[in-house]
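J.: Chain residues, written in single-letter form:
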Amino acid sequence: MLRDKRLYLEDLTVSFDGSKALNGLTLYVEPGELLCVIGPNGAGKTTMMDVITGKTRPDYGTAWFGSDIDLLKLSEAEIVAAGIARKFQRPTVFEQLTVFENLEMASAGCRSFLKTLRARLTAAEKERIEEVLEIIGLSGHRWALGRVLAHGQKQWLEIGMLLMQNPELLLVDEPVAGMTPAEIERTAELLLSLEGEHSIVVVEHDMSFVRSIARRVVVLHEGRVIADGDMDKVQRDPRVIEVYLGV
Amino acid sequence: MFRPGRPLLLHDRAGTWFLAVLALVALVVPLLNQVLSASSPLHMSQYGVTLIGKYLCYGMLALAIDLIWGYCGILSLGHAAFFAIGGYAMGMYLMREIGPRGVYGNPVLPDFMVFLNWKSLPWFWYGFNHFLFAMAMVVAVPALLAWIFGWFAFRSRVTGVYFSIITQALTYALMLAFFRNNMGFGGNNGFTDFKDILGFDLHSDGTHVVLLVLTAIALAASYLACLAIVESRAGRVIRAIRDAESRSRFLGYPVESFKLWLFVFSAVIAGIAGALYVPQIGIINPSEFAPINSIEAVIWVAVGGRGTLYGATAGAVLVNYGKTYLTGAFPEVWLYVLGALFVLVTLLLPRGIAGLIPARIKEAKRTAGGTPKMDRADIKAEAIGSNESPS
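Just so you know, the sequences run in chain order X and U. Residue numbers for the first sequence follow our numbering, beginning at 3 and rising by one. Residue numbers for the second sequence follow our numbering, beginning at 16 and rising by one.
Calculated from the structure, these hints are not laboratory results. Some hints could be false.
Rough simulated footprint, nothing fancy, chain X against chain U, three-plus residues with beta-carbon under 8 angstroms [claimed, not checked]:
{"hint": "1", "stretch": "186 to 197"}
{"hint": "2", "stretch": "293 to 304"}
Label-pair ranges, simulated between beta-carbon atoms [said to hold, decoys possible]:
{"hint": "3", "chain 1": "X", "residue 1": "A79", "chain 2": "U", "residue 2": "G114", "range": "52 to 60 angstroms"}
{"hint": "4", "chain 1": "U", "residue 1": "F167", "chain 2": "X", "residue 2": "A79", "range": "17 to 25 angstroms"}
{"hint": "5", "chain 1": "U", "residue 1": "I181", "chain 2": "X", "residue 2": "K117", "range": "24 to 32 angstroms"}
{"hint": "6", "chain 1": "X", "residue 1": "K128", "chain 2": "U", "residue 2": "P269", "range": "21 to 29 angstroms"}
{"hint": "7", "chain 1": "U", "residue 1": "K134", "chain 2": "X", "residue 2": "R113", "range": "37 to 45 angstroms"}
{"hint": "8", "chain 1": "U", "residue 1": "P269", "chain 2": "X", "residue 2": "D234", "range": "48 to 56 angstroms"}
Think of the CB as a built atom: it goes at the ideal place given N, C-alpha and C, for glycine as much as any other residue.
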């Protein structure tokens, strides 16, 4: 089998109390690709994310990160260390720290008390923070406290905190839920700007948002992929129409 | 952001004022006591010197509590226990220092042991005839107790009000234990009738003045050490833990280990404060472990202002000054005043007295880590003010 993709999910099956949350799901993610996953409630989107991040173990199937990392053998922390970052739906940033300090907290590096006691901000770290501030568009708010940020800004900051760890794969759960139209537009720009640098998988309900960012859309239904391709192709797919409109 | 070698106080104006006032006290009190003759109206008596020394010891205890409560959200309602243990370690040295000058004239056994008909010194009293050994114990015993207690509590993820309750239980249990004669710590009466410390007479003004100056130095050093911690990256992790513990854990920080280090360090400061307290006051007994003492200390911090360090110390001094005055002038109203103070401060001054200081005095503009667009002092003042959750 070819091993040149970023993520390989093959034949994943997960059952909860007899019902199958995932039912033979097979999906590949290319390096640097921005992929949108859509599907009705219960289609298995969240379960798929849970399997990738090690929160849920599948009954059957394989999940490889690149050609050499078997995700099913790693703990959640090891998966994070391997370069997979997940953005949860509800933003959690450190409210009493500034935007800059939030990013500093997230930067890769020392974690123990004694080391952080002596840690100084290195030039490389500072440069990376500046870079991320630029990407997430919060350069002008670097000294603002996390808690004064608007909902959208918190989401961006959290994406920025994930970026500090330079993940190769970024999983983003419903990033635009609760955002204003302007924030949605800004989020689309942000995710598009990350394309190429990182592989990104976005799970989203908002169709117009998906249309604005997606090159490739995957539709899940009852735990398996029912359509895969660009937005126009997917929208014309009779099975997708059936699932979404109940025709 | 703290850089080794960079003047830490550069951006901490209120802290600089605090240290300046402390230095002034350490200079003026000895002058008023030693230089002015006893007939001068400005002369300060030994009682006055001791009183100020006592306030400074309480200030150190408040500092220790603020470090864990104000910055990490750990509300210890048993911190006076570490203070008392430090005091007992010092007391044991002072008891052995009495030697054959005791009532019963026993060169080795302190009076209370002779009175209890004990024939030999219990093993845990060995070494306390050496000052340096006793000083090591002042640090080591509170640290060890805090480490064991904290290890179990934090590892089991005991947080918030549950942690506060078990710290109350800790200090209460220690009080009951120390009340027992069999414990070998003088029971009900504790230790008293000290004669001298390192050969210096504990009844002379000079010794008390030196102890006061040493206390001021210890308080200043503790303040700077706490400031170095909270201004370091570790300090930011600690505040991050206070605000979003699971998020910090998710980022890979060993939350329990951070809490444990901080708790142990705080206990050590409290222990040293207790050790400085005992020779000045001249007595240590199990009532120092009383749960109310720890609660009072928390009130000092709340009154002074959490999360500022200097505010906690100022709160300790002011509340205790009020206590000294009121328990003398109107003894029956003191507890009502203390209760009302706590309620009023919580309702009207959530940032305590330190919250009344304008932000621009509190902190000069920083330049570290990029040029701030906003005045960071305002941000910080806001940050402290908003942290109003009770634990």
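J.: Are the hints correct? Go through all of them and say.
T.: We went through each hint and held it up to the structure:
no.	hint	result
1	186 to 197	violated (count 0)
2	293 to 304	violated (count 0)
3	X:A79 / U:G114: 52 to 60 angstroms	59 angstroms, holds
4	U:F167 / X:A79: 17 to 25 angstroms	24 angstroms, holds
5	U:I181 / X:K117: 24 to 32 angstroms	30 angstroms, holds
6	X:K128 / U:P269: 21 to 29 angstroms	25 angstroms, holds
7	U:K134 / X:R113: 37 to 45 angstroms	54 angstroms, violated
8	U:P269 / X:D234: 48 to 56 angstroms	50 angstroms, holds
When held up to the earlier numbered hints, the structure conflicts with 1, 2 and 7 and fits the remainder.
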